[in-house]
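Asker: These are the residues of each chain, in order.
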Amino acid sequence: MTDATMTKQIVLTRRSPAYWRVTFDHPPLNIFGPETLPQLNEVVTALETDEEVKVVVFDSAVDGFFLTHYNFVAKLEESTRLPPGPTGLQQLPDMLVRLSRAPVVSLVSIRGRATGVGSELALASDMRFASREKAILSQWEVGAALVPGGGPMARLPRLIGRGRALEVLLGADDIRGDVAELYGYVNRALPDAELDAFVDALATRIASFDKQAIVDTKHLVNLNSLPSDAEIAPEWDAFIASLGRPAAQARIRTLFERGFHEPGDVETRLGYHVGLLGVPSTSK
Amino acid sequence: MTDATMTKQIVLTRRSPAYWRVTFDHPPLNIFGPETLPQLNEVVTALETDEEVKVVVFDSAVDGFFLTHYNFVAKLEESTRLPPGPTGLQQLPDMLVRLSRAPVVSLVSIRGRATGVGSELALASDMRFASREKAILSQWEVGAALVPGGGPMARLPRLIGRGRALEVLLGADDIRGDVAELYGYVNRALPDAELDAFVDALATRIASFDKQAIVDTKHLVNLNSLPSDAEIAPEWDAFIASLGRPAAQARIRTLFERGFHEPGDVETRLGYHVGLLGVPSTSK
Amino acid sequence: MTDATMTKQIVLTRRSPAYWRVTFDHPPLNIFGPETLPQLNEVVTALETDEEVKVVVFDSAVDGFFLTHYNFVAKLEESTRLPPGPTGLQQLPDMLVRLSRAPVVSLVSIRGRATGVGSELALASDMRFASREKAILSQWEVGAALVPGGGPMARLPRLIGRGRALEVLLGADDIRGDVAELYGYVNRALPDAELDAFVDALATRIASFDKQAIVDTKHLVNLNSLPSDAEIAPEWDAFIASLGRPAAQARIRTLFERGFHEPGDVETRLGYHVGLLGVPSTSK
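Residue numbers (this note's numbering), protein chains in the order written: chain H, 1 to 284; chain R, 1 to 284; chain L, 1 to 284.
It is worth saying that the hints were derived from the structure and are not from the lab.
Please note that the accuracy of each hint is not assured.
If several chains are the same, the list does not tell them apart, and a pair holds so long as it fits within one copy or across any two.
Taking lysine to any residue and the SDA-like style, the derived pairs with C-alpha atoms no more than 20 Å apart in a straight line are [as the list claims (entries may be wrong)]:
(1) K8 / R101
(2) K75 / H219
(3) K134 / E77
(4) K211 / E133
(5) K211 / I252
(6) K211 / A247
(7) K134 / S16
(8) K211 / P84
(9) K211 / L223
(10) K211 / I240
(11) K75 / L182
(12) K211 / G244
(13) K8 / Q212
(14) K211 / E77
(15) K8 / E231
(16) K211 / P246
(17) K211 / P280
(18) K134 / E52
(19) K8 / Q249
(20) K134 / N224
Note that the coordinates shown come from a computational prediction; the quantities given were computed from them, not determined experimentally.
Required output: the full structure, derived from the provided sequences and hints.
Answerer: Structure, rendered in structure tokens:
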């Protein structure tokens, strides 16, 4: 599903014509970058147009990471030069709002980190299920002097209320499965040993239902719950603007010095590490 | 309160002029049908116009069933030929939106199944309390290739967030008291032995308050929380449209072959049984 | 920060230029009255205009009381004669909406009663943390035949859903930390021994972040979550109207006869006592 010059980072498997799995497989960290965008776009387009698919499950093949932050090694122009998507939004928010509206039920099964784009994809999906022991959700961006760009300021307050949304976004810390469940950030946190069977049973169940009833019911929920594209649009611009500011450049540089984008403590405990960026360096 | 040709399915008891109880008593299953509509309409009209009533509790006299799905034995015309209600909506959604706006506090005390209409009535009420052991909430409709018709696509996302609302509606499965509480589908799930005393104490308390303060406060909450009638309206039409489609007719016919509308496993475990309808028949 | 004729009821401490604490210190009950308004206004104005502050924590120095109800000994005119604030709203709702929009992160640390204005200030803040054992939240007003005036009918349904909001407002009872957390009335309830360290760590963390990223992110959340001023405005008028009615006057008089505005059982168990006001007096 990708052209020959790209590494395939997203694997689409059809368990049946009605039940698809989309697996993030970009080791070691499942970082999301400009080269991931067209691959995800292919998946979303297929979900929009296939006549048989009723349910899709997003999961990860990479230990410890569901899907994590944007690629900060890639040149910014690789993201910004991409033309807007069919909605007129930039490619990433475009795909996420299209996923929310797609005539298919999207489930995410979160084991490991869903940070930044990973959390944003989860929030744009229809239902979120998390490993109680192994899921970590986070919008880490403010900790690096960035503004999140993929919709969480529009989606999180509608989902979990303003107070908890502000804690997630402005605390910028790692959120474990049990708190994510308490807050409604995920539908449920399940014991890790039960997560796969639960999600598979729910997806199999939904795949056995009538597509028209699914689509009509989801459409009516969408009318009563989705932010408009106009409410989503400012976030990407704010993200790009924040990325150009010296405060973000300095914090990201420090993160790189400490191991950003490499397997290790900075990536696995990103919430902890962004909490050190504004502290005098002797305190590390 | 009903004309002589109808069996009384809804019993109104005035514990005091300020505190009413409305008990569903249509054994063996508390199925809601076209003949129930005028009875409920009388209750809602009385709640709208009585000058003394401050609080009403809806409960059930039927073991195992709070109030369950629509009557699929009755001819569809018995429902569709009824004229719209005062709001211009069809009779069922009309009564539910009028209940939400009525100048009285409505509590539901859920023991047994609140499926389909039972869940929709609960969602249109002001507060929901459930037996932790014995309450089962569900919007089962999508499992039978139907679209729910009484407002849950408008009400559930506002109450519990889009993700959990989609799980309830598209999973179409039975939701137990503890999950209903976690999701906010009910205000609280209480141990079955404590439910009646809790609800009665709260209703008695509210009945001791000043009606004007109750009405003015509820009105301001309504302005900030209720969907508009225009957001409710499409659901009934979508329900009627879905009911006419072959997929729904086939699934409902299969449900009847397996015991629908009779006391037994299909009615008590409806979530399980709709999960079998789309599966090749050898698997039952 | 207050003029010489006033007792200082609100103490502002700058832990650092970026991290402020605002402590309610008006023993014995932390009652909020017309003389508190200009003091709180000074704090809110400082939060709006200071260029360095990033986070503020509201807490209490009074044992048993975070911040409680309005002062009913003060003449009503002392409140109503105050000119509207910069938003055009009356002074109390004006300050609360300005706090919600201020370019700073506001946390409340609730130990003891947050009743009436105390709850309303908490709801207007960005995040709420409560002592599991010692926090009591309540909107008690309806129990005294009053309509709350400081925004909870607009803010609570958006935060915790219509059903739980109606329970808080129309039940008018004391809500303990664990239920407040379950309902989302607070972000989290923490063991009392852990509350201060948790809130201080979160505030210290946020104070280490970049102010621009905080402000831009909060602004986008605000656009997706705050009620408009027009939705807030009717509450104060409804409160003033209710205060003038005989039902409220009689209930408040009875509360005073039983110990209102004095240390003792009426103030510490206000939820219980408003539940007695409409009951024949022999039952006390």
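Asker: Against each hint, give a clear statement of whether it holds in the structure.
Answerer: Hints versus structure:
no. : hint        : in the structure
1   : K8 / R101   : neither (25 Å within a copy, 44 Å between copies)
2   : K75 / H219  : neither (38 Å within a copy, 28 Å between copies)
3   : K134 / E77  : neither (34 Å within a copy, 53 Å between copies)
4   : K211 / E133 : neither (34 Å within a copy, 33 Å between copies)
5   : K211 / I252 : between (45 Å within a copy, 16 Å between copies)
6   : K211 / A247 : between (49 Å within a copy, 10 Å between copies)
7   : K134 / S16  : neither (28 Å within a copy, 36 Å between copies)
8   : K211 / P84  : neither (30 Å within a copy, 30 Å between copies)
9   : K211 / L223 : within (18 Å within a copy, 35 Å between copies)
10  : K211 / I240 : between (39 Å within a copy, 17 Å between copies)
11  : K75 / L182  : neither (38 Å within a copy, 44 Å between copies)
12  : K211 / G244 : between (45 Å within a copy, 15 Å between copies)
13  : K8 / Q212   : neither (32 Å within a copy, 37 Å between copies)
14  : K211 / E77  : neither (40 Å within a copy, 26 Å between copies)
15  : K8 / E231   : neither (32 Å within a copy, 43 Å between copies)
16  : K211 / P246 : between (50 Å within a copy, 13 Å between copies)
17  : K211 / P280 : between (57 Å within a copy, 17 Å between copies)
18  : K134 / E52  : neither (33 Å within a copy, 38 Å between copies)
19  : K8 / Q249   : neither (30 Å within a copy, 44 Å between copies)
20  : K134 / N224 : neither (32 Å within a copy, 30 Å between copies)
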